[in-house]
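Asker: Chains as they are written, first to last, in the numbering used here: chain A, 1 to 385; chain B, 1001 to 1532.
In short, the hints are calculated from the structure, not lab data.
Small disclaimer: the values here were computed from a predicted structure and weren't measured.
C-beta: ideal position from N, C-alpha, C; glycine also.
There may be inaccurate statements among the hints.
[As the list claims (entries may be wrong)] Looking from chain A toward chain B, a few residues come up when the C-beta cut is under 8 angstroms (computed):
1. W47
2. I82
3. E86
4. H91
5. G197
6. R259
7. V286
8. R344
9. M364
[To be verified] Distance condition first, Cα-Cα at most 25 angstroms in a straight line; then the derived BS3-like pairs of lysine-lysine:
10. K1107/B with K21/A
11. K1107/B with K20/A
12. K1136/B with K1148/B
13. K50/A with K1392/B
14. K1518/B with K340/A
15. K1107/B with K50/A
16. K1307/B with K340/A
17. K340/A with K21/A
18. K1307/B with K21/A
19. K1392/B with K1434/B
20. K20/A with K1307/B
21. K1386/B with K340/A
22. K1392/B with K56/A
23. K1521/B with K340/A
24. K8/A with K56/A
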Amino acid sequence: MNPRSILKEWGVKDARVIDKKAISEITLGASILATGGGGDPEIGLLWTYKVLDEGKEILMVDAASVPDDIQTASAACLGAAIVLTEKPPSHTVLNLAIRKLETYLGRPIQATIPIECGGVNSPVAYAAAGEFGVPVIDVDGMNRAFPELQMTSWVTHGVHASPTVSVDDRHNVTVIDTGDDDVLAETLARRAAMAYGGISWVATYPLTGSQVKETSIIGSQSIAWAVGRAVMRARRDHLDPIAELLCSLKEERGVEGYRVFRGKIVDIRRDFGSETNKGFTLGSIVMEGIDHDRGRTASLDFQNEWLNLRVDDDILCLPPDLIAILDSETGEPIRTDIMKYGYRGTVVLIPAHERMRTPKGIEMFGPRHFGYDLDYVPVEELNRS
Amino acid sequence: MKESFRVGFDVGGTFTDGVLMHGREVVAKAKSLTTSDVTGGIVNALDEILAKSQLDASRVTMVSLGTTHTTNAIIERRNLNRVGIFRLGAPATTAIPPLTGWPEDLKTAIGGPDVIHVVRGGSEYDGRDIVPLDKKAIETACRAMKGKVDAVAITGVFSPIISDHEERAAAIVRDILGSNIHVTLSHRIATISLLERENSTILNAAVISVMQRAVQSLKTAAAERGISAPLFIVQNDGSVMSADYAVDYPIFTVASGPAASVRGAVYLSGIDNGVVADIGGTSTDVAYIVNGFPRESSITVNIGGVKTNIRCPDLLSIALGGGTIVKHDGDNVTSLGPESVGYNLVRLATSFGGPLLTVHDAAVAVGELNAKLDVFATDFVTAPDKVKALPKRLVENAWEAIRRTVEEAVDKMKTTAEPVPAIFIGGGALVVPKTRISGVTEVLTPEHFEVGGAVGTTIAEIGAYAEGVVDLDYEARDAAIARVTEAAKDNAESAGAVRGSVEVIDVEEIPFTYMPGKREKIRIRVKGKVRQ
């Protein structure tokens, strides 16, 4: 297959060509929107470069132009970030996962849909699309990264992760079909990843074209792309990357982001995970203000991704709104898995996409889901000056 | 302690500094121009300090070097080995083959695509084999490589935890290609992150011969002058390792210049925690020292276009040095640099009758710089009237701009809000303000600051580290830390440290995110006194 013949079949004329520059911009933007999580972008990026170097074409299309009855799915990595960093995948895993899902469904996958904005899972959707010769749809399920499989706009708008196929480099295959129980799908998928050696590759969220249009974050890829492009331009032209980022959000999404704090990490407290707290790294950091924020103290909690932000006695951000800590000079995101004492950065807050802010969304991934005895208050209200 | 005479060299972009130390005392110092072969500049500095001190060369007990040999070889793609590359990781890892993302000219310079092999093998994080090691594939590849490679780099998945597959592969390589072939094993280069570690391992194999020649020529030069003392090389973290070890791990020396400066500043000032600024002619490197060592960089380090995860100091480089041009519009300063007059200070700067206002001139005008340093050939000012004629407001504004720039750089590197001491060293230390810098308790310019880097190379501390992944459900935390500490001490001892003197300087724990259970990575850094 090749993506152009699929688009011709659909009668779609407009598609964006994803070249190396484009994917590097999208990956950077997605890493920033990954709110401290999402894994090491280098692996997804190099993989996509390799697919392009093999002469394969990667095309992205708008959700609106996708026929209602086509079959799509998400190809993604699920497991321990540090294992991925040390053990990049076989070039065959995405193909295997997708083919097994196609067999289980009894129909071919005709487009990929990125599951989240993350350093690994954004570019992986493009690498997969390039390998199979199908287009990528300009959507995702979060417009940020979240720690668990079921934390998507897809689930909160009534569609499901099942069936999900989980594979490893040795071609072990696990089929997870839990019907409408998406939390159980997450539990089983995580156990499979552990048994494989810490990392799994999944083909998940088999959605039809109409489901994609009704339940996704529409234009999520364009948002990540605009953010990444703005930060790269800032680096090249020696502009302030944070200002350029905020400006790009306003242009692309029409929302105001907030530059709320500049500081350095002076304490990292990690509460080591156990079965009872769902198997995630929990912890908190303290940042001391520098420059204009001298004398102020910020604290942030994280569950793989940043969860909330408190500056002195004020809560400034709650999930699902986004928190990014960015290197003030380069705009590079500081990730929870690799941060260290002394890291310096600027804290930026971004309103979550409206499709992540529905009552069902606040219930599934709002403050109370993460154990805070607090009602969700939008970041815009918390930062009203 | 018995009488100790130590010779140290710091090779910078412009000058090669040399010192002769007797205990804590600097007996002689020299600055010679850095030569393109690097070794020539070192030999000139050596001859100068031997002549100045009139020391019987046979009494030298230690020779140490901070060097740019390896960096230059990689950046200039010169004199690199052809490297046979093995990755032990298939069927995993094949999505991203070795050398992905490398510049084409560098790929060609180290031997091209025919000698790259991804074979079945490697470990899982818990120590299981991914698959058994494919010995046959390694044997076949080695036979095909004969005569086509000078060195071999072997990288196995999770080898920092389980090195078994790398060791077995190395035995096969030596068996077929002979025991003289250079073999670099990635677990000796360390840290988890396969692609960056593999890159570092391949670069290491590529520059082994360059380092061997540098060490050999310095050894020969020293021997010809009657010096029989052991030779040490500064590592990126500012500690030293024996030259015989550096020959096997030259990649650890790529940032040795700035790292040596930090160590020199610590040694000369006696301060273990604070900010160090090494001020040169064109730029200033600012580092933060914790317990006597520079804090390491948070970001992957790019060498010659290749991403690596080698240990490097966290440096902030700013365009501020003695030669930095002060741009102004009337009496108002519009910017400091980034351009510098560099070598041409004595032709272009106001103090020497030239047309440009530089940081050096501002320092002369306010009276901060008022004496000649004996290691420099030229006096600090030859046209005092020109300096006196500078508008007073302009000089004040320039001095304030310089102060603010220094203050911002110092503040960015600090990790605590408490004021800390700052140490200024390097040839340009005299041209910047030392007072009214907020966040700083005091600014020290210890004696011999102008050759601080060379002094730093003579410090007898061996640095080493070790890492391990532990599961705290099965191993007590204290026991796990003790186990990794022993491994770090083993590494320090094999690098030349006295085991009894080795102490822990940093303990770092990194939990595995996205994983149930209590697995974590423990990383321990140690240092110990050199075995003499």
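Asker: Each of the hints needs a verdict: does it hold here or not?
Answerer: Results of checking the hints against the structure:
Taken as an interface hint, W47/A checks out: its beta carbon lies about 5 angstroms from the nearest beta carbon of chain B, inside 8 angstroms. Here the hint on I82/A is kept, as its CB sits about 5 angstroms from the closest CB of chain B, short of 8 angstroms. Satisfaction of the interface hint for E86/A is found here, the shortest Cβ-Cβ separation to chain B being roughly 5 angstroms, below the 8 angstroms cut-off. At about 4 angstroms, the closest approach between the beta carbon of H91/A and any beta carbon in chain B falls short of 8 angstroms, and the interface hint on this residue holds.
Using the Cβ-Cβ criterion of 8 angstroms, the hint placing G197/A at the interface with chain B is satisfied: the shortest such distance is roughly 4 angstroms. A least Cβ separation of about 17 angstroms between R259/A and chain B goes past the 8 angstroms threshold, and the interface hint is therefore violated. Given hint, V286/A at the interface with chain B, is violated; its Cβ is 11 angstroms from that chain's nearest Cβ, farther than 8 angstroms. Taking 8 angstroms as the C-beta cut-off, the interface hint given for R344/A holds, the closest approach to chain B being about 6 angstroms.
A distance limit of 8 angstroms between C-beta atoms decides the matter here; for M364/A the minimum to chain B is near 19 angstroms, and the interface restraint is violated. Among the hinted pairs, K1107/B with K21/A is consistent with the structure: their alpha-carbon atoms are about 22 angstroms apart, no more than 25 angstroms. In summary, the hint linking K1107/B to K20/A is supported, as the alpha carbons are separated by about 20 angstroms, within the 25 angstroms threshold. Restraint check: the Cα-Cα separation between K1136/B and K1148/B comes to about 20 angstroms, which is no more than 25 angstroms; the hinted pair holds.
The straight-line distance between the Cα atoms of K50/A and K1392/B is roughly 61 angstroms, outside the 25 angstroms bound, and the hint therefore fails. With a CA separation close to 19 angstroms, the supplied pair K1518/B and K340/A stays within the 25 angstroms bound. In summary, the hint linking K1107/B to K50/A is supported, as the alpha carbons are separated by about 16 angstroms, within the 25 angstroms threshold. For the suggested pair K1307/B and K340/A, the alpha carbons sit about 19 angstroms apart, so the restraint of at most 25 angstroms is met.
For the suggested pair K340/A and K21/A, the alpha carbons sit about 30 angstroms apart, so the restraint of at most 25 angstroms is broken. Between K1307/B and K21/A the CA atoms are separated by roughly 18 angstroms; this keeps the pair inside 25 angstroms, and the hint holds. For the proposed pair K1392/B and K1434/B, the alpha carbon gap of about 20 angstroms is at most 25 angstroms, so the pair holds. A distance of roughly 18 angstroms separates the Cα atoms of K20/A and K1307/B; the hinted pair therefore holds under the 25 angstroms criterion.
Distance check on the hinted pair: K1386/B and K340/A sit about 50 angstroms apart at the alpha-carbon level, beyond 25 angstroms; violated. For the suggested pair K1392/B and K56/A, the alpha carbons sit about 66 angstroms apart, so the restraint of at most 25 angstroms is broken. Among the hinted pairs, K1521/B with K340/A is consistent with the structure: their alpha-carbon atoms are about 14 angstroms apart, no more than 25 angstroms. The straight-line distance between the Cα atoms of K8/A and K56/A is roughly 17 angstroms, inside the 25 angstroms bound, and the hint therefore holds.
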